[in-house]
Amino acid sequence: MSSHAAAGTIDHHHDPSTSTGIPNKKLIMWTFLASDCMFFGALISTHLIYRLHPAPGSPSPKQIFSLELTSFSTFILLMSSLMMALAVTAIQKGNVKSMRWSLLTTIFFGAIFLGCQVYEFEEFVKLKNVTLTNSMFGTTFYTLTGTHGIHVAVGVFWLILMYVRSFQPHEAGRTFGWLFKNFLHITALVGAVLLSMFAVLGAVHTLHTGGTAGAYFASYFSMIAGFVGCVAVCIGFAQPKALSNFGEANAIDVESMGLYWHFVDIVWIVIFTAVYLIEYL
Amino acid sequence: MSAPVSTSPDHAHGHEEESKFQIYVNVAMLLAVITGVEIVGIYLPFAKWVIVTGLVILSVVKFLYVIFYFMHLRWDKPFCTILFFIGLVLSAGTVWALLAIFSVKDSLPLQT
Amino acid sequence: MDAILKSDLQVKDVATETKSSVFWRPTAQTGLISWLTTVDHKKIGFLYGIFALFFFLVGGFEALLIRLQLMTPNGTVLTAQQYNTMFTMHGTTMIFLAIMPLSAAFFNFIMPLQIGARDVAFPRLNAFSLWTFVAGAIILNLGWFMSAGAPDAGWTGYAPLTSKAYTPDHSVDMWIMGLQLLGVASIAASLNFIVTIINMRAPGMTMMRLPVFTWMTLITAFLIVLSFPFITVALVEIMMDRLFGTSFFEVSGGGMPILWQHLFWVFGHPEVYILILPAMGIISEILPTFSRKPLFGYPIVVFSGASIGFLGFSVWSHHMFTTGMGTVATAAFSLATMAIAVPTGVKIFNWIGTLWGGHISMRTPMMFALGFVWMFMIGGFSGVMHSAAPADAQQQDSYFVIAHFHYVLIGGSMFALLAGIHFWFPLMFGRKIGEFWGKLSFWVIFAGFNITFFPMHFLGLNGMPRRTFTYDGNLGWNSANYIATVGALILGVGIFIYFAVMVYTYFKGEKVGKDVWDARTLEWSLPNPPPEYNYRVIPTVHARDAFWYMKQNKEQIAKEDATHAKEEAAHGGIHMPHQSIYPFVASLGMLIAGIGISVMDNDPTPGFWGKKIGVTMIGGVVMLAGIYFWALEGNGGYHLHPENDGDESNGKKPAKH
Amino acid sequence: MDGHQSTIKVEGPVARSQLEVFYVTCWVTLVIFILVGAVLAYASIKFKARTTAEEKSIPPEQGHGNPLIEIGLIGASILALVVIAIPTLKGIWYTYDVPEDRKADTYEVTATGYQWWFKFDYPSEQIAGAGALATANELVIPAGRPVRVNLRTIDVIHSFWIPKLAGKVDMMPNRANHLWFQADQPGYYWGQCAEFCGDSHAVMRFRVIALGPKDFNDWLSQQTAPARDVAPPRVATQDAPKVQFASLRTFKQNETGHTAKYDISPLDAWKAQQFPEKGESVALIAQGKALFKEKACLSCHEVRGHGYAGISGPSLTHFGSRSTLAGALLENNTEQLHRWIHNPESVKAGNKMAKGYIDNNIKLTTEDEVALVAYLQSLK
Ligand code: HEA
Ligand code: HEA
Ligand code: CUA
Ligand SMILES: [Cu+2]
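In order, the protein sequence lines correspond to chains R, L, X and D. Residue numbers for the first sequence follow the numbering used here, beginning at 104 and rising by one. Residue numbers for the second sequence follow the numbering used here, beginning at 39 and rising by one. Residue numbers for the third sequence follow the numbering used here, beginning at 440 and rising by one. Residue numbers for the fourth sequence follow the numbering used here, beginning at 630 and rising by one.
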């Protein structure tokens, strides 16, 4: 029966080793997502209830929101979902290389979304004077969208781990050296994402305040250099020396991660409508 | 809703899989368009309830497309759909009930 | 067929055979390390049980102090503050640290056996759930050893009493953090159980052939997974209020404290069904076994369990009838609550139907089970009285509620769990509790329980409010309180006998063979105690009461087993997962971070890296490290080739391929 | 079941309607309990295996259930619930607010919960320069008229419960709850905070006194008047008599704070409290009045007419006419009053007045206490 394991003939719709044919990892992910629905349900209720009864003198969201920015990040998140779906199809066909590229793009889009959120929060705090504590609107808004943001961040981190994991050698090759490299690889990738995010935010900031390119490079040089360094390290590590043991059989891992990622996307679909759009009516 | 699952591994890898790329891109485009419609929609001069209903419907459509295509519930066992919908329905129901409770007169906060 | 091998293991079969050198894969079979690193669902279940029973005694001790204080009017055993701490910790301990983990012990130990599985779907996640539960329990009880004292805001922690303004010390922080960790543990465990039940069933074990206990486990797990997120959010919000100065429940910032109650009870009501459904599952196993008849109306019992679970999400506001919700909401929740009596009643009727026409053997487990049916019925009826909102306006927060829920919690959950311990003890440890002492403990507990809690109905109707550390002597409550305290002492004696007998039996009890009770479900087909791999050959299920069918059709089963044994041997024997320390490490990290968040003072002097943030960060790093190694070490595993059934030597030989 | 807080021996229409619903639930479930219990008992006895042989005999028929019986029982349960549901619904609407035809006759008060005492405002009795009439811990209402209480709180959640008159309704921060009830006859009723509200929740009590129309009006005119002034400034305090109360003793923790007086004939006892005591010492009272200012009592307490206007504690303007003190924990008599002001913390754990003693560094000598007691008791 384990015949299909050897050759690339894994049926991704049916796992004969389970009673229902649904792989365990997929099932646990769907159950977790059902649970997460309740989690966001509670957060969204909190926000909407307080929007229903705003405290006197609370800020008007319409004046605060930037529809352009939010629409853009919504669009980005949708695209990341597309890339995630493609990554899953790729690995299901055993195409590790294509999957890696799709994962990287997903990470990229995810990072842009996070960047937009950081930018948005900063804008609200600094320019619109809405902080976590100075109004109920701020409290529930930051808590809800921040929790969603944490979900995205966890997703990005997971994507990074999965990407790095796709270079994992066979058992015999797993030495302390590999463990260390693995760790460095992850750190470099996380570093690249963070540094690029802040470098870009810095660029936006410079543009806003009318600074010059020179000024930008002067003040953000270390970030940009760090980013380049991280990318270089990543490229260095991305040479699969030994044969990786990541393949079609791991499709289920990528798939459950994908489910999580898409779920974060649909939560945003709800938030976009219920938190942002409704306010404009 | 969900196609019966074939037990033959070969079939699963057949032409149906090949076209998934196309499907995904189409869905993504559709989602982008709907989002655009939503954004435009809020500026239309209709009664508020019309727009709200419209927005809710459009979001639900988006929602369903993502879960049925990107999350491939459409191709999975129906059980996954049921499982997720238990959480979804309970969550939606609870949110609705909470909002309803907080909308009645007795729930008006006492601001002094 | 071959349902037990996991897909990714098949693929990595070769890889998993050689033990990787980078990760520590302990193999100790005894000693502390073996317990800390175990992934065996039976050992984990046993640990859950031990912790739960310990906390049951702690909670009981607290209850006795409560009762002693109230024995006479103007009692002086405890001060007001100590008393408030006592009932808060009593309620929290009993619910989250006694009944829930005791149920979890049975889920872990019994459920995989009942469905013919060799383990749960994610053994290491299971270990993580256990240790995170322990971490939560530690944080919850830390207050006893601190100057802040243990939490004292009631097990419901109503805002704004829990806000910084009214409880400035850390006691409430510990309560919040403890519950938060317990929530993580419960959700993780439940996800695991759900996947296990749905995906790890032996061939032929269709959903409608699942033993009822397994069904109730499944429904309970769903309830946990779906209700805990609400309290998680509520706790996050109150914690933000306390740590960051937000105003979710802070009136001065426009907050509405009533929101806390909604969020809490959306969780809280399903929670009480989380406490009772496993109990009902146990009862549904015991009654048929001792009546020697299948459960009456199995599909209806299952379905009613599911509808109790589902309806349980639509009634939360019956705890808030007095909060002024307005007529329509009150009426809606009142009616929805009543509706739950129907599916619950169905279960009672079916249990009686099961007895009807049976050959009832009155063994100790059966006594507890029948006691359950009686006591739960009384508790349910007082529940229905509560559900009539106008009547509840007089009963809410009075001793009538105390009577109601102790009838359903002790007369219900606790009786069933005590019955379950008696029932499965022979399977777990191969020894049986003596009938005389078992029955004696039953009668003492039964009498003590009723003497304690029946008078409380009258106390409640006579206007005695709950959560009061003292009362005046002129209100007509003296004798009932006195009786209740005497009852509690009797109850304590009964519990003492029960546990003493259990400990005695563990060491010296009568040894028994397989299947002492002539039972009906699969777990009884195992030798006792069950070997670590559970089933030498994964059984094939042909009927609802699978083992009963096996006993009736011995030849057929023997033949099947023989063929399956060969097939399995051809696949390399029984696959067993490696032990792992990393789930424990991850939980340890959560414990440290939890302590950082809840009990460390925030000293902002040295800038950002204060004590609080420092400890929290250390915990976070330990946790991440645990998860990281956990993810990288892989499932791993080795193979076993047991000789024959009943082979207790557990001869473990690494497979040679 | 006929204690002061009985929900069974009720004395008003709201509590009565709640009791009726309770009786319905009680009877319905009792009948079901007897029926189901009888069958259960019969089955356990009838089908019990009496010998080991019987236990081991051929198993009984392995029947699996009977849909008809099940559906029948489900139907019967639903029917039983309908019987409960109808009075429940009626009760919900009836108890929610004063019936339409009684609205005009309704008397309105506002009750505010404090940790751990109640304040009562009478919006319809405005006093020039002092706002609405305010009193504490004893709610005096007209008997035979519906009373609508606005429920407010300034700190945590409390709950307002007079078992004999009406079920409880919570006092929620940021929420405008209300409750109505009516006392059929003049009487004296026990009330209790019914929502856990911190350390001394157990002793957060109050009383309700229902009076006939004339008594009620008398009471109102007495209360709206400024505090009684026994000691005109010129009767100065050169030699205040050194009075010693026989009762100056230390009380033990949780010691009873009441006498049987109010169990026997509470309303009469309350009425007797309305009149100045005989043998008041004018000098002592004058001394107490001065001390009230000196010792900073005035920073929290109001004595209208004496120039004291603190607001964080109960109004003491007519304190002497109240039958209880400290959240109705203690009977208002010399002994108990002394016990209270001597060391509030030992009487009521965590209470805000004890904190006030520390914050304001209030230290009282026995003489001070004696004088203050005399003064407070004179405030009829
Ligand atoms: C194991 C736990 C458990 C269970 C199973 C139940 C079961 C029920 N509970 Fe209980 N409840 C608690 C634990 C539980 N409860 C706790 C802990 C609290 C207090 C929390 C706190 O404030 O601290 C509480 C409080 C509580 C309240 C709030 C009281 C208040 O604070 O004012 C209410 C109100 O409606 C209620 C109702 C019910 C009902 C209707 C059921 C029903 O499910 C019961 C159904 C069962 C039967 C009815 C008996 C059998 C049926 C028949 C024989 C059929 C025929 C019967 C009829 C047609 C009537 N419960
Ligand atoms: C499953 C849950 C559960 C269980 C089993 C119990 C068990 C008991 N409970 Fe409790 N109880 C609650 C859940 C439970 N309770 C909850 C949720 C509350 C509400 C809390 C709140 O208001 O916030 C409550 C509140 C509560 C009160 C009301 C307090 C108040 O409102 O002021 C009272 C009063 O009598 C009480 C009594 C008892 C008694 C006598 C037992 C007995 O059954 C206990 C029997 C056990 C023993 C007697 C132990 C015997 C052990 C020994 C003798 C050895 C001791 C040794 C060591 C510790 C080493 N409980
Ligand atoms: Cu106020 Cu309890
Ligand atoms: Cu409930």
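I should point out that these hints are in silico values taken from the structure, not numbers from a laboratory. Treat the hints with care, since some could be wrong.
[To be verified] If you want the footprint, here are the derived chain X segments under chain D, 3+ residues with CB under 8 angstroms:
#1 592–601
#2 735–749
#3 756–766
#4 831–843
#5 914–924
#6 940–947
#7 1060–1073
Cβ coordinates follow ideal geometry from the N, Cα and C atoms, glycine included.
Hint by hint, work out which the structure violates, then give me just those numbers in ascending order.
Result: hints 6 and 7 break, sorted rising.
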